[in-house]
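Can you make the complete structure from the sequences, with help from the hints?
The sequence shown maps to residues 1 to 300 in the numbering used here.
If you're looking for bench data, these hints aren't it; they were derived computationally from the structure. Ideal Cβ placement from N, Cα and C applies to all residues, glycine included. Be careful, since some hints might not be right.
Claimed, not checked - Derived DSSO-like pairs: lysine-lysine, alpha-carbon spacing no greater than 30 Å straight-line: (1) Lys122 with Lys58; (2) Lys122 with Lys45; (3) Lys262 with Lys295; (4) Lys87 with Lys58; (5) Lys59 with Lys45; (6) Lys45 with Lys295; (7) Lys87 with Lys72; (8) Lys122 with Lys87; (9) Lys122 with Lys262.
Stated by the list, open to error - Label pairs and their computed distance ranges (CB to CB): (10) Pro213 with Gly266: 44 to 52 Å; (11) Gly266 with Glu141: 40 to 48 Å; (12) Glu133 with Ser86: 44 to 52 Å; (13) Arg200 with Ser164: 52 to 60 Å; (14) Arg161 with Arg296: 33 to 41 Å; (15) Glu142 with Asp76: 18 to 26 Å; (16) Gln89 with Gly174: 23 to 31 Å; (17) Thr178 with Ser86: 19 to 27 Å; (18) Ser183 with Glu80: 40 to 48 Å; (19) Pro258 with Leu186: 38 to 46 Å; (20) Pro258 with Arg161: 35 to 43 Å; (21) Glu142 with Thr178: 32 to 40 Å; (22) Ser164 with Pro129: 43 to 51 Å; (23) Tyr168 with Ile93: 32 to 40 Å.
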Amino acid sequence: MINTSWKHIRRSPYQALTAVLIMTITFFVATILVVLAYASSSVLKYYETRPQVIAYLKKDVPTEDISAFQNKLEADTRIEDVRFVSKEQALQIYKDATANNPLLSEFVSPKVFPASIEFSVKDLSFAQPLIGELENEGVVEEVAFTASLGSNQNLSQVVERLTSISQYIRVGGGIILTFLLLSSLLVLLVITGMRIASRREEIEILQLIGATPTFIRGPFLLEGMFYGLMGATVGWLFAFLLTLYLSPSLVSFFQGIPFLPKDMLGILQLFGIILGGQIILASALGTLGSFIALKRYLKI
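Okay, here's the thing in structure tokens:
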């Protein structure tokens, strides 16, 4: 059956090329959409879990009280990534931020900066209640929300915008992908129908000499599977190479925000999972297209 399928493909190379091209476009877009969905989720998670709350401590607070307060925060299930920032560390952070203008930090003493404890919340909905609780703590002078995005409202807007973008990618991508999959299925139906029509006499002869339905249908099913596998592999490969080519520019644009796995092994694992899923989907799609065409055009 494999040899017969290959003969069918070689006899009509343009039809085969058309089917593979349509499948390639479909799975190229599918790969890009999956990568975009992964990247948007990674960026969203980055903003949701970055240090968002800073509790500035009162001056001359005993070390034991600070340790007890930090332990209390670490035990809170709503909180993660608790970090103590001393006065000296706060001064260094200030110097790094004003490195382009040394005069701003030349005469600044660590005493000017209060010690603080920074932490992330596991969900943004926990932030406001936690701020209210921290303001009632005896060791806390002031509570600030977010380390680098400004106010509570600003970070919320960033997260809401990223959430909307992520949802648009999923919903819009799902619609586009569904349309492309249906288009690919339709192309396979047409091409398989043309194959059956062109081999009508040969099929009738096979029936007369007692060929089984499986023997007659098998090459068409394998042909559809071949189109799917070839299109999925080529489309995936183009998307993978495009991602590698654009990665340096994207890393520079996002400035350290982890939108993709950091190392090549992680990227290979991500694309390996995508390829595995697409091979299964493409095989099923190609087989289904040929099966429907056989049911429609071949009565045996």
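Each hint tested on the structure:
1. Lys122 with Lys58: Given pair Lys122, Lys58 holds - Cα atoms ~26 Å apart, limit 30 Å.
2. Lys122 with Lys45: This hinted pair holds, its Cα atoms lying about 10 Å apart.
3. Lys262 with Lys295: Not OK: Lys262 and Lys295 at ~48 Å, beyond 30 Å, violated.
4. Lys87 with Lys58: 12 Å, holds
5. Lys59 with Lys45: Answer violated: Lys59 to Lys45 is near 34 Å, above 30 Å.
6. Lys45 with Lys295: The given pair, whose Cα atoms are some 48 Å apart, is violated under the 30 Å limit.
7. Lys87 with Lys72: Holds, at roughly 21 Å.
8. Lys122 with Lys87: 27 Å, holds
9. Lys122 with Lys262: Distance of about 22 Å is within 30 Å: holds.
10. Pro213 with Gly266: 44 to 52 Å: 47 Å, holds
11. Gly266 with Glu141: 40 to 48 Å: Given about 41 Å between the Cβ atoms, the range holds.
12. Glu133 with Ser86: 44 to 52 Å: For Ser86 against Glu133, whose Cβ atoms are near 23 Å apart, the range 44 to 52 Å is violated.
13. Arg200 with Ser164: 52 to 60 Å: 54 Å, holds
14. Arg161 with Arg296: 33 to 41 Å: 47 Å, violated
15. Glu142 with Asp76: 18 to 26 Å: Hint holds: Cβ distance 19 Å, inside 18 to 26 Å.
16. Gln89 with Gly174: 23 to 31 Å: Violated: the Cβ-Cβ distance is about 46 Å, outside 23 to 31 Å.
17. Thr178 with Ser86: 19 to 27 Å: Given a distance of about 55 Å, which is not inside 19 to 27 Å, the answer is violated.
18. Ser183 with Glu80: 40 to 48 Å: 45 Å, holds
19. Pro258 with Leu186: 38 to 46 Å: Distance hint for Pro258, Leu186 holds at roughly 40 Å.
20. Pro258 with Arg161: 35 to 43 Å: 18 Å, violated
21. Glu142 with Thr178: 32 to 40 Å: 52 Å, violated
22. Ser164 with Pro129: 43 to 51 Å: 25 Å, violated
23. Tyr168 with Ile93: 32 to 40 Å: 36 Å, holds
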